[in-house]
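Novice: Taken in sequence, the protein lines are chains A and B. Position 110 of the first sequence, counting from 1, maps to 110 under my numbering, and the rest follow consecutively. For my numbering, add 1000 to where a residue sits in the second sequence, where the first one is 1.
Rather than coming from a laboratory, the hints here were simulated on the basis of the structure. Be a bit skeptical, because a hint or two may be false.
Claimed, not checked - Distance condition first, Cα-Cα at most 27 Å in a straight line; then the derived BS3-like pairs of lysine-lysine:
| # | chain 1 | residue 1 | chain 2 | residue 2 |
| --- | --- | --- | --- | --- |
| 1 | B | Lys1071 | A | Lys14 |
| 2 | A | Lys14 | B | Lys1127 |
| 3 | B | Lys1002 | B | Lys1071 |
| 4 | B | Lys1099 | B | Lys1002 |
As the list claims (entries may be wrong) - Selected chain B positions facing chain A (in silico; Cβ < 7 Å):
| # | residue |
| --- | --- |
| 5 | Ala1003 |
| 6 | Leu1007 |
| 7 | Met1011 |
| 8 | Ala1080 |
| 9 | Thr1084 |
| 10 | Leu1149 |
No residue lacks a Cβ here, since even glycine has one placed at the ideal position from N, Cα and C.
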Amino acid sequence: MARSGFSSLAPLFKYLAYFAGSYCFLVAFVAAIPSISYQFTSLVTHAAAVLLSSVGFVADVYPQSAHIGYAEIRFNSTAYRVNEDCTGLSLVMLVAAAIVAIPAPLRLRILGVGLMGILAAFIGCMRIVILGCVAEYQGHMFHFFHTYLMEVVTVGIGLWILLFWFNITIPDRRSAAA
Amino acid sequence: MKATRVLLHFMMVSIAAYGTLHYFGFAYESLLLFTADRFVQTLSVGARLIHDSSHQLCVVMFLPGGPVQVKLAGFDWIYAGQATAVGVVLSTYTSPGRKAFALTLICGMLALVHTALLVLAVAEISKQINGANSDIAAFGTMAFKLYRLALPALLAGTWIICSREALFIISGVRHLMPVSQLHKTTPTLRWLWDCRKPRHSTRTTLSRPKRPITRMPRRQNTGKI
């Protein structure tokens, strides 16, 4: 009885081991090469500025401070600093580690990391846009949005991406199990 | 398993938990403050944590020139952490008992982590003001960074551990089913009894040819005894 219980938990343990290992590796890798974080921050901030400009706002990015960990974006009358926590780099790493750990063919894992990583980066980009709009028009609600709502939405969307990819890989996992 | 439904469930529960914590935050913060204050006294940081008259969290430093009170604002992100944890646990695909267990465990653990971060914040303020406790404060930045990185992974891991039956049992029947249906597929005595029956007997029972209805000749009463 205990043996069957353990064998039913084996996929879970395997998944958690891969997930934790991949996530720790990614965190260590990004910490060892800070330019990755700076480039990512700069990229997401520029993308946010392009989005804001395409909507019709005036947004400029001042990336002079990117080498010390943040980029500055000026949006109408608001200027704010964007650091790596704001850009959702941790969400991208989390999503990548979670997708790599799902038992699926290698090409599907690579495709998943690419697509879902881009989606997670887009979420980070939208986060900057939304926070910018809130800071511009509803300044008294900025603290609530920055401290709570966007954090919760980020975690929720990370969960959504994970489940979405779990659902997509069902046929492959079923055939691998068979 | 519907990802969008999980997301909506998570958002609703999390917002409800945040609202509750926002209204009863003083009680929760007092609990954390009491524990953190005990730790601060045990570590001899030379400060106290108090709530002032406007319920604002403050650090009182005991300096040679007299006590100095520093307001510790912006610490309400702890509510966000707790509300997210509540949302994650309650949106899992598992039984209510396991949800309750996971909720108690994760909320208790987060409360301890927040207490530790509060102690490290006091040590950092102490270091900034009088240069003391730099050895404790050295852990502060690192601990906060670790918290920021580890919390989402911990919550994702919690969701996966709680929903393990729905995610990992890959068979034709039990894969990605709601818990209510999962429980229906667990073997019952009746189910085991049906499996135990030989197939031919069932078939025989079901497709047993009907006995031709023939009238048996009535025994004639011959009148003989």
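Novice: For the pair supplied as a hint, Lys1002(B) and Lys1071(B), confirm whether the alpha-carbon distance does not exceed 27 Å.
Specialist: violated, 45 Å
Novice: Would you settle whether the hint for Ala1080(B) is holds or violated, based on the nearest Cβ-Cβ distance to chain A being less than 7 Å?
Specialist: Ala1080(B) check passes; min Cβ-Cβ to chain A is 4 Å, inside 7 Å.
Novice: Sort out whether Lys1002(B) lies within 27 Å of Lys1099(B), counting only the CA atoms.
Specialist: It holds: about 19 Å lies between the C-alpha atoms, which stays within 27 Å.
Novice: Would you check the hint for Lys1071(B) and Lys14(A), treating anything up to 27 Å between C-alpha atoms as holding?
Specialist: violated, 46 Å
Novice: With a cut-off of 7 Å on the beta carbons, see whether Ala1003(B) makes it to chain A.
Specialist: At about 4 Å, which falls below the 7 Å cut-off, the nearest Cβ of chain A leaves the hint on Ala1003(B) intact, so it holds.
Novice: For the restraint on Leu1149(B), tell me whether the closest CB of chain A is nearer than 7 Å.
Specialist: With Cβ-Cβ at 6 Å, under 7 Å, it holds.
Novice: Taking the least C-beta to C-beta distance, is Leu1007(B) closer than 7 Å to chain A?
Specialist: holds, 4 Å
Novice: When the nearest CB of chain A is found for Thr1084(B), is that gap smaller than 7 Å?
Specialist: Result: holds, 5 Å to nearest chain A Cβ.
Novice: Given Met1011(B) as an interface hint, is the shortest Cβ-Cβ distance to chain A below 7 Å?
Specialist: It holds, given that the least Cβ distance between Met1011(B) and chain A is near 6 Å, below 7 Å.
Novice: Given the hint that Lys14(A) pairs with Lys1127(B), does the C-alpha gap stay at or below 27 Å?
Specialist: violated, 44 Å
Comparing the model with each numbered hint stated earlier shows that hints 1, 2, 3 do not hold.
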